[in-house]
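Colleague: Between the sequences and the hints, there should be enough to build the whole structure, so can you do that?
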Amino acid sequence: MTPKGYLSIVLHAHLPFIRHPEYPDFLEEDWFYEAITETYVPLLDMMERLANDNVHYRISMSLTPPLCNMLTDDLLLSRYHKKLNKLIELTEKELHRTKSLPPLFHETALMYLGKFRKAREIFESCHGRLLTRFKALQDNGYLEILTCGATHGYLPLMIHEESRRAQIRLAVQDYQHHFGRLPKGIWLPECAYAPGIDKILRDNGIVFSFLDSHGVLFAKPRPRFGVFAPVYSPAGAAFFARDMETAQQVWSADTGYPGDFNYREFYRDVGYDLDYNYVRPYLHEDGVRRNIGMKYFRITGNVALSDKQPYSPSQARETAASHAGNFLFNREKQIEHLSGMLGRAPLVTSIYDAELFGHWWFEGPDFLEFLLKKIHYDQNTLKTISPLEYLGKFPENQIVEPEPSSWGDKGYHEVWLNGTNDWIYPHLHIASERMIHLANIHPQAEGLLKKALNQAARELLLAQSSDWAFLMTAGTARQYSDRRTREHVNNFLQVDHQIRENKLDEGFITYLESRNNIFPHIDYKAYQSH
Amino acid sequence: MSSHLNIKQGPTGPYMPPNGPDLPGEYGMTRLVLLPRDPQWMHAAWEIAPYTWDEVKRNFGDDVQFKGHPVLRFRSEGDNNKNTFDVNVLLDARSWYVLAPTRGGAWRAELGLMLPDGRFVLLAISNPIQMPAGQVSDILDEKWGILKSEWERLFELSGGGNRGAGSMGVARKLAHRWELMKGFSSLSSFPGGASSWSRPPERHQKGFWLIADCEVIVYGATTPDAQVQFQGQKIQLNPDGTFSFRFGLPDGEQRFPIEATNKDGDLSKKVEFIVKRKTKK
Numbered sequence: 018m019t020p021k022g023y024l025s026i027v028l029h030a031h032l033p034f035i036r037h038p039e040y041p042d043f044l045e046e047d048w049f050y051e052a053i054t055e056t057y058v059p060l061l062d063m064m065e066r067l068a069n070d071n072v073h074y075r076i077s078m079s080l081t082p083p084l085c086n087m088l089t090d091d092l093l094l095s096r097y098h099k100k101l102n103k104l105i106e107l108t109e110k111e112l113h114r115t116k117s118l119p120p121l122f123h124e125t126a127l128m129y130l131g132k133f134r135k136a137r138e139i140f141e142s143c144h145g146r147l148l149t150r151f152k153a154l155q156d157n158g159y160l161e162i163l164t165c166g167a168t169h170g171y172l173p174l175m176i177h178e179e180s181r182r183a184q185i186r187l188a189v190q191d192y193q194h195h196f197g198r199l200p201k202g203i204w205l206p207e208c209a210y211a212p213g214i215d216k217i218l219r220d221n222g223i224v225f226s227f228l229d230s231h232g233v234l235f236a237k238p239r240p241r242f243g244v245f246a247p248v249y250s251p252a253g254a255a256f257f258a259r260d261m262e263t264a265q266q267v268w269s270a271d272t273g274y275p276g277d278f279n280y281r282e283f284y285r286d287v288g289y290d291l292d293y294n295y296v297r298p299y300l301h302e303d304g305v306r307r308n309i310g311m312k313y314f315r316i317t318g319n320v321a322l323s324d325k326q327p328y329s330p331s332q333a334r335e336t337a338a339s340h341a342g343n344f345l346f347n348r349e350k351q352i353e354h355l356s357g358m359l360g361r362a363p364l365v366t367s368i369y370d371a372e373l374f375g376h377w378w379f380e381g382p383d384f385l386e387f388l389l390k391k392i393h394y395d396q397n398t399l400k401t402i403s404p405l406e407y408l409g410k411f412p413e414n415q416i417v418e419p420e421p422s423s424w425g426d427k428g429y430h431e432v433w434l435n436g437t438n439d440w441i442y443p444h445l446h447i448a449s450e451r452m453i454h455l456a457n458i459h460p461q462a463e464g465l466l467k468k469a470l471n472q473a474a475r476e477l478l479l480a481q482s483s484d485w486a487f488l489m490t491a492g493t494a495r496q497y498s499d500r501r502t503r504e505h506v507n508n509f510l511q512v513d514h515q516i517r518e519n520k521l522d523e524g525f526i527t528y529l530e531s532r533n534n535i536f537p538h539i540d541y542k543a544y545q546s547h
Numbered sequence: 498m499s500s501h502l503n504i505k506q507g508p509t510g511p512y513m514p515p516n517g518p519d520l521p522g523e524y525g526m527t528r529l530v531l532l533p534r535d536p537q538w539m540h541a542a543w544e545i546a547p548y549t550w551d552e553v554k555r556n557f558g559d560d561v562q563f564k565g566h567p568v569l570r571f572r573s574e575g576d577n578n579k580n581t582f583d584v585n586v587l588l589d590a591r592s593w594y595v596l597a598p599t600r601g602g603a604w605r606a607e608l609g610l611m612l613p614d615g616r617f618v619l620l621a622i623s624n625p626i627q628m629p630a631g632q633v634s635d636i637l638d639e640k641w642g643i644l645k646s647e648w649e650r651l652f653e654l655s656g657g658g659n660r661g662a663g664s665m666g667v668a669r670k671l672a673h674r675w676e677l678m679k680g681f682s683s684l685s686s687f688p689g690g691a692s693s694w695s696r697p698p699e700r701h702q703k704g705f706w707l708i709a710d711c712e713v714i715v716y717g718a719t720t721p722d723a724q725v726q727f728q729g730q731k732i733q734l735n736p737d738g739t740f741s742f743r744f745g746l747p748d749g750e751q752r753f754p755i756e757a758t759n760k761d762g763d764l765s766k767k768v769e770f771i772v773k774r775k776t777k778k
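Chains A and B, in that order, are what the protein sequence lines are.
Take the first sequence: its letters are residues 18 to 547, numbered as in my numbering.
Take the second sequence: its letters are residues 498 to 778, numbered as in my numbering.
These are calculated hints, taken from the structure and not from any lab test.
Given the structure is predicted, the values throughout are model-derived calculations rather than measurements.
Using N, Cα and C, we set each Cβ at its ideal position, and we do this for glycine too.
Please note: incorrect hints may appear among the correct ones.
[Said to hold, decoys possible] 25 Å max Cα-Cα, derived SDA-like pairs, lysine to any residue: (1) A:Lys237 x B:Leu637; (2) A:Lys216 x B:Leu637; (3) A:Lys350 x B:Glu653; (4) A:Lys100 x A:Glu141; (5) A:Lys152 x A:Glu124; (6) B:Lys766 x A:Ser117; (7) B:Lys579 x B:Val618.
[Claimed, not checked] Which stretches of chain A does chain B cover? Using the computed rule of at least three CB atoms under 8 Å from a CB of chain B, they are: (8) 55-65; (9) 167-180; (10) 236-249; (11) 285-293; (12) 317-329; (13) 468-475.
Modeller: As structure tokens, then:
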């Protein structure tokens, strides 16, 4: 039966490249380890389960190049494995401890043990190479993996065309290396667009991307179907716009699903709640109490942390199922209404940060699983679809010039360009200029010079991550993000100086190469002007 | 027409990046870079190298820097109605936020000195930029036409141009939570602590910071063969009958009931601590 409209679910999975071999134990690496256990593995597990059950579904998900590089890095994977084993060890102790507590605590401990053991089983069964499992989902048609900027660089604030091109070109090469084919879709870093970026995408074989709603709504000329159909840019790239109604249902801090009182409370963690000597072996070397990842309380309401009530895994799952039902009901109504108005099958594009699911909203993967099952079994109004499939069904779309925009606060570039972070741009621009110059005057470098040029490119790319400017604005991890920016620019300048002076220090370059080892197969020629 | 945005130089002075590897204060190259921030604001950043000053002085005299006042001159690009406006700046500021007179235009900037006789001494020219429109376009597509009333309804259903709603709110929470996860030690100098670049004490010499938290230690002793329950849960006594626990203490009221029962089970004693924490910042 032909549906009245389509739903395109897009998840953006990204973390900045954080890897510190110089320390045995580095706090900021936890972002990655926690995201594997709480988001990437649960999403993968959920998608595989649905595929095994022959549930028809389509999801698009970016796996950004920094994330792909971390997910294939032996050092990080071995550290993660150790962390996961420690967590399972604690959970097994918790099983014993909670036996004498009210039953909900024990039920929750059992739930954690099940999840963590499952994570380990999945991780070990593919020897830590989770990307191979995502690739299989893509090869079987369930998942469309999107690429992103090479290091999530904020393209509109790059003034050199070559720098923008290198971010895309290197991302495409990295994607091909991991997934054995060229990407058709891209998640533009921070959904940030400026005129001309569309041509770079097309030149690199990319067919489609996404914009925040106003990126299409404010396009020239006016978009005939609002945000409910893709548009083509002047260079021929298709852009899909974020639907705000579905964004609000999940994103809204006040009314969004994740704030339901039955869902797990993030801030009551055993790292703080239990006896110090008991949890000490599971903390970092400094022994400071932090979240460990096991939490026994639910949000409960606007009450003090001490008044939170015990978490009930079964009640939380029921709530997730109910929210999935509510989401679907609203989509059916939305699509029925729109299809009458538009005279064409509408497309609702729902875009979320992947890390929202599981990491921040613990029950998020359950919600998605319920939703996809309900869409498959319970109704005929809509179907999930990938952007590429939609373009196949509806190849004729309006040509517009999209609005320069981003999905950041206020919709433009202020999050990445304001008084807290504008100091970084003169350095990034100079470094870009010099990198382009180096690439142009060394068209075919070999040996140590090639190695130095490649490392210079890595350092520039790492300095360009939009995450650093974002964290400066958010006022969190500011010191770390400042430091990372300075470190990479400084490394670049030193390598640049050595190349220009023809005084290459092999030891130094090898050291940088081992420390900042993103893109093992990088080719600096991506920065050449032609 | 323009003003220097306060977020750059507020009452507490400009934001200074904390310690880390020093980057060059200047690169010895004359340059002016223009960036779009949003439909209203542009950002200009510059450096004027000694070679430029030498040339300008040769042409306009050694005192040119004192005679002229620095100006950013903006010229619209790409349309027939050339628009130009000037903004007075401070050269030493090296960057300036400028309010655009119109939305959606294309601009290029020139940095120069305005001499008393009206001459403009050019120091640097910027890259061109395209500003966002920030509003629905007036341009209609003949092929893809839509009635005004239909468009208004569709606009509303499309979110009404509600820009960037949601994402930053949750993103901030995420970032905040990461900060909490990192806890103290990425801001502190606990010796031997988990590694973070900011840990070594020398890196904090220039910065000022405060970290504080409190925990509670519950301890006691009873006969070594007694059974003790803490918060309703049986605990293991040390061989000498002592016990001790250290807990995090979140804001709010916490109860720590302890009940000991003798070996024969016919005598028991209870103690309950009620601890209230309120943090003011």
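Colleague: If a hint holds in the structure, say so; if it doesn't, say that too.
Modeller: Evaluated hints:
1. The suggested pairing of A:Lys237 with B:Leu637 holds, with an alpha-carbon distance near 8 Å, which does not exceed 25 Å.
2. A threshold of 25 Å between alpha carbons decides the hint, and for A:Lys216 with B:Leu637 the separation of about 24 Å falls inside it, so the pair holds.
3. About 16 Å separates the Cα atoms of A:Lys350 and B:Glu653, which keeps this hinted pair within 25 Å; it holds.
4. Between A:Lys100 and A:Glu141 the alpha-carbon distance is near 13 Å, which keeps this suggested pair within the 25 Å criterion.
5. With a C-alpha separation of about 34 Å, the suggested pairing of A:Lys152 with A:Glu124 is violated against the 25 Å cut-off.
6. The straight-line distance between the Cα atoms of B:Lys766 and A:Ser117 is roughly 20 Å, inside the 25 Å bound, and the hint therefore holds.
7. For the given pair, B:Lys579 sits about 20 Å from B:Val618 by alpha-carbon distance, which is consistent with the 25 Å threshold.
8. Check result for the segment 55-65 of chain A against chain B: violated, 0 residues qualifying (beta carbon to beta carbon below 8 Å, three or more required).
9. Only when three residues or more bring their CB closer than 8 Å to a CB of chain B does the claim for the segment 167-180 of chain A stand; here the count is 3, and the claim holds.
10. A count of 10 residues in the segment 236-249 of chain A with a Cβ less than 8 Å from any Cβ of chain B is obtained; the coverage claim is therefore met, three being the minimum.
11. With a threshold of 8 Å between beta carbons, the proposed coverage of the segment 285-293 of chain A by chain B holds, since 7 of its residues qualify and at least three are required.
12. Counting residues of the segment 317-329 of chain A whose C-beta sits closer than 8 Å to any C-beta of chain B gives 4, which meets the bar of three, so the coverage hint holds.
13. Residues of the segment 468-475 of chain A lying with their CB closer than 8 Å to a CB of chain B number 0, which falls below the three-residue condition for coverage.
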